[in-house]
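With chain C fixed as given, assemble chain F onto it according to the hints.
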Amino acid sequence: DAKTTQPTSMDCAEGRAANLPCNHSTISGNEYVYWYRQIHSQGPQYIIHGLKNNETNEMASLIITEDRKSSTLILPHATLRDTAVYYCIVRVSSNTGKLIFGQGTTLQVKP
Amino acid sequence: DVKVTQSSRYLVKRTGEKVFLECVQDMDHENMFWYRQDPGLGLRLIYFSYDVKMKEKGDIPEGYSVSREKKERFSLILESASTNQTSMYLCASTSGGARKNIQYFGAGTRLSVL
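One line per chain: the protein sequences are C and F, in this order. Each residue of the first sequence is one higher than the last, beginning at 1 in my numbering. Each residue of the second sequence is one higher than the last, beginning at 1 in my numbering.
Hints were generated in silico from the structure; no laboratory data involved. A virtual CB, placed ideally from N, CA and C, is assigned to each residue, including glycine. Some hints here could point you the wrong way.
Some chain C residues judged to face chain F by a derived CB distance under 8 Å, without partners named [as the list claims (entries may be wrong)]:
hint, residue
1, G29
2, N30
3, Y32
4, G43
5, P44
6, Q45
7, Y46
8, H49
9, V92
10, K98
11, L99
12, F101
Bound conformation, chain C alone (with noise of 0.2 Å):
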């Protein structure tokens, strides 16, 4: 049970922001909000983590609900390379320590 709901694919225009949603509506108190994600052929790659605050990297921007249940990925300004499958996930194994990935939303970045 991956605990979270993305939106199967979504576009965006080169040079925009794209606003990536995902519900966790049983997000429990301690869980963090990870943001991966994967490229064509290639591993995974994070992007943004947080618990309940707004946190911002060199990649992206989290925006997190004030009850948590649902929080936005935010790539600023999107290029071709963005385009990509975007991952949010909540939850993690406690005894082996996996990711437990959902399906993930379909980024098409076009020109």
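Showing chain F alone in chain C's frame:
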């Protein structure tokens, strides 16, 4: 930047061959993982290791073994490759402590068993 290097991007092997997939990380991470990724099935954990010479089975260990003789290297071994082991294999590593759930992945090895 953390670097996780997998020895091969593409491999083609024959049924029954012994196959070694190597993974090296350069950040002194304690924990290392082997996943396989198949269409429609997502990422599935094969084995993980939280220290040198320590290993634990993941969800699908059958047909695989692992070796971790040095902290930076985690090897996945297919004792006798079969066609149902054709897959994308991903290695990951993570540090302990507060960032223990941030996994860094290698580029993957796409293995075809004929």
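Here's how the hints hold up against the structure:
1. Checking G29 of chain C against chain F by beta carbon gives a least distance of about 16 Å; that is not within 8 Å, so the hint is violated.
2. With its C-beta approaching chain F no nearer than about 12 Å, N30 of chain C sits outside the 8 Å limit, and its interface hint is violated.
3. Proximity of Y32 of chain C to chain F holds as hinted, the smallest CB-CB distance being about 7 Å (cut-off 8 Å).
4. A cut of 8 Å between beta carbons decides the hint on G43 of chain C: the least distance to chain F is about 3 Å, and the hint holds.
5. A distance limit of 8 Å between C-beta atoms decides the matter here; for P44 of chain C the minimum to chain F is near 5 Å, and the interface restraint holds.
6. Given the 8 Å rule on beta carbons, the hint for Q45 of chain C holds: about 7 Å separates it from the nearest Cβ of chain F.
7. For Y46 of chain C, the shortest C-beta to C-beta distance to chain F is roughly 5 Å, which falls under 8 Å, so the interface hint holds.
8. For the restraint placing H49 of chain C at the interface with chain F, the shortest Cβ-Cβ distance is roughly 7 Å, inside the 8 Å limit, so the hint holds.
9. Interface restraint check for V92 of chain C: the shortest CB-CB distance to chain F comes to about 5 Å, inside 8 Å, so the restraint holds.
10. Hint on K98 of chain C holds. Least Cβ distance to chain F is approximately 4 Å, under the 8 Å limit.
11. Given hint, L99 of chain C at the interface with chain F, holds; its Cβ is 6 Å from that chain's nearest Cβ, closer than 8 Å.
12. With a cut of 8 Å, the hint placing F101 of chain C at the interface with chain F holds, because the nearest CB-to-CB distance is about 5 Å.
Hints 1, 2 from the earlier list are contradicted by this structure; the remaining hints agree with it.
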